[in-house]
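Use the sequences and the hints to build the structure in full.
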Amino acid sequence: MKPIAPVAVLAAAYLLVPLLLGGNAYLMTLLVSALIIAGIALAWALLGNLGGMVSFGHAAFFGVGAYTSALLSMQAGLPVLLAIPLGGLGAALAAVAVLPALRLSGPYFALAILAYAHIFRILATELKSLTGGSAGILGIPGLPTLGGLELGSRNGQYLLVLTVVLAFIALYRAIWRSDYGLALRAMHDSEDATRVVGVNSTLLKAAMLFVSAFMTGTIGALNAHVINFLDPDYAFSGAWTIVPIAAAIFGGYRTLGGPLLGAIAVYLLDQLLFKALFPSGHQIILGVLLGAMILLSPNGLLPWISRRLQRRPATEVRHAAA
Amino acid sequence: MTELILQSLYSGLLVGGAYALIALGLALVFGTMKIINLAHGELVLLAAYVAYTAESQFGLNPLASIPFALVIVCASAVLVYLLVSRIRVNRELNSLILTFGLGIILTNAVLIVWSANIRSTSSAWLQDAVVLGPLFSMRSEVVFFVLSLALAGGLWWWLSRSWYGRAVRAVSSNRDAAKLMGIDPVRTELVSFVVAGVLASVAGVAIYSSSVIQPALGHALTIKAFIITVLAGIGSMPGVLLGAVLLGVTESLTVTLASSALQELAGMVLFLLVLFVMPNGLFGGARRRG
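One line per chain: the protein sequences are B and Y, in this order.
Each number in my numbering corresponds to the 1-based position in the first sequence with 551 added.
Each number in my numbering corresponds to the 1-based position in the second sequence with 443 added.
These aren't lab readings, by the way, just hints derived from the structure by calculation.
Errors might be hidden in some of the hints.
Beta-carbon label-pair distances, calculated as ranges [unchecked claim]:
| hint | chain 1 | residue 1 | chain 2 | residue 2 | range |
| --- | --- | --- | --- | --- | --- |
| 1 | Y | Gly576 | B | Ser680 | 24 to 32 Å |
| 2 | Y | Pro628 | B | Gln626 | 45 to 53 Å |
| 3 | Y | Pro628 | B | Leu561 | 31 to 39 Å |
| 4 | Y | Leu716 | B | Leu571 | 52 to 60 Å |
| 5 | B | Leu847 | Y | Trp600 | 36 to 44 Å |
| 6 | Y | Ala663 | B | Gln626 | 27 to 35 Å |
| 7 | Y | Arg618 | B | Leu733 | 29 to 37 Å |
| 8 | B | Met625 | Y | Ala663 | 28 to 36 Å |
| 9 | B | Ala758 | Y | Ser605 | 44 to 52 Å |
We put the beta carbon where it would ideally sit given N, CA and C, even for glycine.
Quick look at the structure:
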């Protein structure tokens, strides 16, 4: 890929979007939410693409990150910008509880982690003294002002979440290019063969689970400080799993940019169009989208488009044989 | 206290019947196709809502609505099969995502058609108390428990004695070898989906008759069925029955001794314990799972 294109996209994302759309509070709120979804979608895709694991429980990490950061900033009085990455660490810590599920393969892991998401939601509801139970937490501190930049404003929120998501993309790319990434991609073809040549596959998969949980938790923490409110049904809502999966599959979960583009497309469509069509069951279209993508173009829209337009793969993070 | 515990053991046993039917369907499809149908609980949910419509619109007893549920749920199961069988690449993971999507579609379709309200049967006959010594239950619980046992027995007979049942087991243990013996694996897979649909229909009507239903239930039932298959270990039919009763009893004991809010948690803790201590399930062989 030519170096010009990413620079142009970055410039547009950082300068043009706030300048042109910054006045429209509703649109900026939607964009921030879309970027939140993008962050989860990216973490989900990392686990699926590098770790070979499908997760239906990312809502667990999202919620744990959100609660950890909210409680740390409110009850321990930590600065918000410190509490957010600690929220990510909290989610990674929660992932330790998921580790026994790693010995399960394929469908069993996916369902075990689905069960975990429910466990965390019930815990958040029942541990009333810590989390406030189903009444939730009100008045979570917003994002602070940093060096004159008001992060709590609509534009500030947008820029911060955008930066975090882009940093995660860079982290994903670095892992993919490293020796560990090579081993992980080899595991995709044959885990047994990779173990034979001396790769500790369980350890690597666990590492990917931690990275993915950390990313999702950080995003959850960011979101908590953006909307300033949490309750268990919101923080651990199945939507935090369903929408990112639909986004990642739609954009192409084996590409770096797919989850981000997919999230923006899917989230905006969902909020602006699907919700108007089906006020109560608008997720039905996400289900249709998910099914249609798996059946028609399982690698997502981005590889499909780039194949059509450029006749060469764009930023495909994909093993040739995978 | 002893009475309470005895009572909850009894209630758990009764609810285990419906759980067993759901888990058996999930395990059957996993056996032949090596995929987990994440929309399985939603098929059960669909049957429950068919029974609700038959009762509220046409005044049918839920027991009499079973044939209608059978037709609709089996047709949906065939549809799920036709979609899943189209997957060619990376089948294991893609089929998970596809059936997850189908589950979302079904849940939201139920939400759109029947709204989010909680429903339960109004049949006085089914809700009558049945007293068995010191133990109480609704008539529907006993009726459907007996029906579940009969179905499980029928399934056992079918799997071990009939041609198609043996074909299902043959495809489950070795697809290629079964093919060489003249078994059409595609037709066998379809049959396993239909049989799973039959089990799901009865289970759905059972749940509607003895408890309350709402659209999010399907998802929870899929998880329960999965927990039961983990408890049971793969390929063990008595294991599934015992696992279902174990889950039912654990849930009802939790409700009695602790709180109903922890009901779901209890099943999952049980599941985690088994996962930690005996990863092959309580009744499975020494095989590695998956």
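query: Which of the numbered hints above does this structure break?
result: Of the numbered hints, 1, 2, 3 do not hold.
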